[in-house]
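Enquirer: Okay, here's what each chain looks like letter by letter:
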Amino acid sequence: MTALSIHKLEKSFGGLRVTRGVDLVVAPGERRLVIGPNGAGKTTLFNLVTGELRPDAGSVSLFDRELTRLPSRRRAHLGLSRTYQIITLFPKDTLLRNVTLSLLGLSRLRWNPLLRLDRQHSLAAQAEAALSRVGLGHLAHRPLAETSYGERRRVEIAMALAQNPRVLLLDEPFAGLSVDERRDVKTLLFAIPRDVTIVMIEHDMDIALDFAERITVMHFGEVVVEGTRAEVVADPRTKEIYLGE
Amino acid sequence: MSIWGVLAINSITFGGLLFLLSAGFSLIFGLMRIPNLTHGSLFMLGGYVGASMVLAYDLPFWLAALIAAVAMAVFGGLIERFLLRRLSGSLLAQVLVTLGIAFIVADFCLMVWSGDPISVRTPSALVGGTRIAGLFFPTYRIAIIVIAVVVAAILWALLDRTRLGAMIRAGVDDPQMARVVGIRVSRLFTIVFCLGAALAGFGGFMGAPILTVYPGLDFDMLPLALVVVILGGVGSLLGSLVGSIAIGFIYNFGLVVVPELAYFVLFLPMVVVLVVRPQGLFGKQAP
Amino acid sequence: MTATRIGLLVASVVMVTVPLWVPGDYYISVCSQILIYAIFALSVDVLLGYAGLVSLGHAGLFGLASYTVAVCLGAGLGHVTAIVTAIGLTLAGTAVFAALSLRTTGIGFIMITLALGQIAWGLAYRWVSITNGDNGLSVAHRPAPFGIPLDAPSHFYYATAVVFVLAVIATWIFVHSPFGASLKGTRDQPRRMTALGYHVWLIRFYACLFSGFLAAVAGILFVYYTEFVSPPTVSLTSSAEPVLMVISGGSGTLFGPIVGAILIEIVKNVASAYITRWNMMLGAIFVAIVMFMPDGLVPGTIRLVRRLLKFRRKESPAAAIEPTSSGPVP
Numbered sequence: 088m089t090a091l092s093i094h095k096l097e098k099s100f101g102g103l104r105v106t107r108g109v110d111l112v113v114a115p116g117e118r119r120l121v122i123g124p125n126g127a128g129k130t131t132l133f134n135l136v137t138g139e140l141r142p143d144a145g146s147v148s149l150f151d152r153e154l155t156r157l158p159s160r161r162r163a164h165l166g167l168s169r170t171y172q173i174i175t176l177f178p179k180d181t182l183l184r185n186v187t188l189s190l191l192g193l194s195r196l197r198w199n200p201l202l203r204l205d206r207q208h209s210l211a212a213q214a215e216a217a218l219s220r221v222g223l224g225h226l227a228h229r230p231l232a233e234t235s236y237g238e239r240r241r242v243e244i245a246m247a248l249a250q251n252p253r254v255l256l257l258d259e260p261f262a263g264l265s266v267d268e269r270r271d272v273k274t275l276l277f278a279i280p281r282d283v284t285i286v287m288i289e290h291d292m293d294i295a296l297d298f299a300e301r302i303t304v305m306h307f308g309e310v311v312v313e314g315t316r317a318e319v320v321a322d323p324r325t326k327e328i329y330l331g332e
Numbered sequence: 003m004s005i006w007g008v009l010a011i012n013s014i015t016f017g018g019l020l021f022l023l024s025a026g027f028s029l030i031f032g033l034m035r036i037p038n039l040t041h042g043s044l045f046m047l048g049g050y051v052g053a054s055m056v057l058a059y060d061l062p063f064w065l066a067a068l069i070a071a072v073a074m075a076v077f078g079g080l081i082e083r084f085l086l087r088r089l090s091g092s093l094l095a096q097v098l099v100t101l102g103i104a105f106i107v108a109d110f111c112l113m114v115w116s117g118d119p120i121s122v123r124t125p126s127a128l129v130g131g132t133r134i135a136g137l138f139f140p141t142y143r144i145a146i147i148v149i150a151v152v153v154a155a156i157l158w159a160l161l162d163r164t165r166l167g168a169m170i171r172a173g174v175d176d177p178q179m180a181r182v183v184g185i186r187v188s189r190l191f192t193i194v195f196c197l198g199a200a201l202a203g204f205g206g207f208m209g210a211p212i213l214t215v216y217p218g219l220d221f222d223m224l225p226l227a228l229v230v231v232i233l234g235g236v237g238s239l240l241g242s243l244v245g246s247i248a249i250g251f252i253y254n255f256g257l258v259v260v261p262e263l264a265y266f267v268l269f270l271p272m273v274v275v276l277v278v279r280p281q282g283l284f285g286k287q288a289p
Numbered sequence: 003m004t005a006t007r008i009g010l011l012v013a014s015v016v017m018v019t020v021p022l023w024v025p026g027d028y029y030i031s032v033c034s035q036i037l038i039y040a041i042f043a044l045s046v047d048v049l050l051g052y053a054g055l056v057s058l059g060h061a062g063l064f065g066l067a068s069y070t071v072a073v074c075l076g077a078g079l080g081h082v083t084a085i086v087t088a089i090g091l092t093l094a095g096t097a098v099f100a101a102l103s104l105r106t107t108g109i110g111f112i113m114i115t116l117a118l119g120q121i122a123w124g125l126a127y128r129w130v131s132i133t134n135g136d137n138g139l140s141v142a143h144r145p146a147p148f149g150i151p152l153d154a155p156s157h158f159y160y161a162t163a164v165v166f167v168l169a170v171i172a173t174w175i176f177v178h179s180p181f182g183a184s185l186k187g188t189r190d191q192p193r194r195m196t197a198l199g200y201h202v203w204l205i206r207f208y209a210c211l212f213s214g215f216l217a218a219v220a221g222i223l224f225v226y227y228t229e230f231v232s233p234p235t236v237s238l239t240s241s242a243e244p245v246l247m248v249i250s251g252g253s254g255t256l257f258g259p260i261v262g263a264i265l266i267e268i269v270k271n272v273a274s275a276y277i278t279r280w281n282m283m284l285g286a287i288f289v290a291i292v293m294f295m296p297d298g299l300v301p302g303t304i305r306l307v308r309r310l311l312k313f314r315r316k317e318s319p320a321a322a323i324e325p326t327s328s329g330p331v332p
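Protein chains in written order, with the working numbering: chain A, 88 to 332; chain B, 3 to 289; chain C, 3 to 332.
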């Protein structure tokens with residue numbers, strides 16, 4: 088059984104073919120890195136997996152459960168979570184409220200128009216725990232607008248982890264972070280247990296290579312090289328794609 | 003001539019007037035993303051201004067039509083330049099401002115021209131009927147149809163053949179890109195708004211001999227422009243023309259066949275479009 | 003006692019004692035009118051402020067309720083039947099309204115709700131066999147709940163005030179509930195909410211139903227208040243007024259729409275004594291507020307008060323030893 092299975096995925100925008108017959112298989116518990124130059128179609132791939140984009144052809148499966156027909160909102164319930172390249176959190180709310188929204192997404196409680204959300208103590212406790220997990224427990228009641236960029240990146244991760252995903256898609260989690268912040272996030276990621284499969288898009292090679300077990304290299308919408316870290320690093324095609332890197 | 007024939011001519015005529023109204027609305031919406039809720043008011047105000055020129059100052063019909071168009075263009079320009087442009091960040095604010103102005107204009111017209119419908123006489127050259135292919139048609143209505151077609155042709159030539167038109171089309175397709183390429187988008191907005199306003203005002207006066215000008219004309223016509231744009235597609239000239247004629251037919255026939263539900267029947271095509279192809283209308287430009 | 007609690011207490015006292023200090027039946031009636039429009043404004047705010055959806059067709063729902071009551075009473079049905087039917091029919095209408103309007107969001111939603119509101123107006127105006135067209139429908143007499151007749155302005159006012167308080171409480175519960183948080187989430191980040199597992203369309207749909215319910219309540223009170231309903235009740239102006247109330251008071255808050263309703267109704271009633279051109283004033287206020295005070299009065303005032311309080315805090319010696327909120331002191 089694979090954690091995530093992508094088979095011959097195709098997507099075009101008008102005349103532009105952004106995803107060309109992508110095949111990807113990720114084993115449970117694996118740490119997979121997806122790299123490639125800008126415009127390689129990495130984030131598009133994520134969008135196709137989460138359902139925010141509909142593929143023209145091909146299929147996506149999560150633990151052998153076919154996702155392709157499922158609307159995006161159902162996929163979270165099946166254990167798929169993601170973070171975003173551009174931070175899209177709820178700026179007017181506190182960190183606690185942000186993470187609470189993430190927890191609510193999978194709970195029947197989200198339909199309840201009668202209870203008082205502030206009085207749901209177990210939910211609040213879970214949210215605080217999720218924040219503590221990323222080292223932000225002490226800022227639970229800080230409005231998001233008053234936090235730093237590095238803190239917000241961690242909130243992104245907290246939001247995704249709070250849903251106890253089976254597969255976690257991380258879209259450039261280290262983008263724009265300082266050296267210290269990178270180190271914190273790296274520690275965070277390494278601490279995630281193996282019952283969560285991680286697929287990460289990243290440009291920061293040092294950290295990413297450290298983290299990855301298998302690497303998929305994409306270019307112009309297709310998979311060019313794939314293999315273990317050692318294999319990919321040694322492959323001449325990788326160097327070709329990253330001329331000068 | 004049978005009643006259906008008369009109805010058909012009236013429908014096409016009404017469609018012609020509606021085209022003059024909606025072409026501008028469609029362009030403004032396509033380029034500026036603003037559903038200009040003042041558009042019906044511009045139609046009505048143009049009618050009132052032109053009518054005053056004829057009735058109070060005894061000006062010739064066509065001069066009055068020109069004055070109506072120019073007056074509305076100026077008014078539209080002022081609205082765009084001093085109110086809409088200042089709110090360029092927020093579409094909602096712009097829409098609400100156009101609504102507010104619509105209310106101001108409505109009451110202003112009531113104040114100046116009072117509540118009685120004002121009628122303008124058909125220009126003497128176009129009085130009576132014309133014989134075409136053995137059938138008798140009211141000349142003025144034919145004239146409106148011809149004028150609408152001519153205006154459509156001119157607009158098409160403008161959009162398709164001139165640099166200004168190319169800039170407008172670019173702006174409709176992709177405003178960000180248009181700016182990057184160096185198109186003075188804010189000046190383009192003003193030009194298009196003035197153009198749309200002029201067309202609306204002109205249409206309002208052209209319609210005066212048939213519809214008369216009365217309080218409430220603004221909000222009678224505005225939803226029709228909305229429906230035309232929804233049916234015909236945003237920023238599409240051909241769509242506005244076809245949509246206007248279609249609505250002209252539906253409205254006029256509806257009023258005769260099912261008078262109590264006429265308005266309902268009118269909006270039915272819009273409902274159908276919404277159910278069947280919602281992305282089609284607003285899909286190209288993200289709402 | 004926080005400032006909010008004090009404010010609430012004062013407001014409650016003022017509201018309860020209106021018939022005592024308001025000079026004359028006419029003004030007591032105006033107070034009823036204010037409360038009715040406050041409920042209507044709340045219904046619009048549920049969508050505008052909390053769902054991020056601007057409706058320019060809400061008078062269609064409001065009017066549907068009013069007309070239903072009038073038609074039922076005219077057909078000889080009792081008040082309870084009329085009211086229940088009005089609510090039911092308006093909810094059904096809201097479901098259709100929502101199903102159509104929610105095909106798009108943003109500007110599209112505004113345009114479709116405007117068109118739908120116009121359809122409602124067109125029906126009210128032309129479906130003469132049911133609505134009596136321009137002549138409108140009259141309501142013979144008000145109900146007498148628990149045997150208390152509501153014909154006197156002060157009695158009607160109290161009944162309205164009770165309904166108003168219930169409506170505010172219901173909205174307050176709604177807004178502070180998990181569903182309310184979900185709704186606000188869809189307003190701020192709909193894409194993300196979908197990825198988090200929320201059914202954004204359905205959330206908005208339910209919000210529309212609640213909004214329609216409040217509009218129905220307001221419409222029912224309205225027709226009993228005026229004892230008459232006619233097409234202008236369903237006009238675009240009637241849809242624009244609550245939007246103006248919400249925007250002037252402050253959207254996305256509970257008190258904003260209420261303050262806005264009070265403000266606009268007072269201006270309307272005072273203005274109509276001196277100026278016959280109410281629409282022009284409405285338009286001018288609309289333009290002025292949108293251009294210069296987009297946030298609305300309530301948030302603006304809160305900001306002002308907070309700034310004043312902070313200023314006073316700094317002055318007192320206690321402030322000097324107050325710990326700052328940015329984490330543990332080194």
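Honestly, the hints are just simulated from the structure, not real lab data. Since the structure is predicted, the reported quantities are computational estimates derived from the model, not experimental observations. Errors might be hidden in some of the hints.
Covered by chain C, per the in silico footprint, the following chain B stretches (three or more residues, Cβ under 8 Å) [claimed, not checked]:
1) 49-62
2) 76-89
In silico lysine to any residue, SDA-like type, Cα no more than 25 Å apart, as pairs [as the list claims (entries may be wrong)]:
3) A:LYS179 x C:ALA154
4) A:LYS326 x A:LYS179
5) A:LYS273 x A:GLU259
6) C:LYS312 x A:ARG229
7) A:LYS179 x C:LEU204
8) A:LYS179 x C:GLN191
9) A:LYS179 x C:PRO296
10) A:LYS179 x A:ALA212
11) C:LYS270 x C:GLN191
12) A:LYS179 x C:LEU311
13) A:LYS179 x B:ALA95
14) A:LYS179 x C:LYS270
Even glycine gets a Cβ: it sits at the ideal position worked out from N, Cα and C.
Enquirer: Determine which of the earlier numbered hints do not hold for this structure and return their numbers in increasing order.
Expert: 1, 3, 4, 11 and 14
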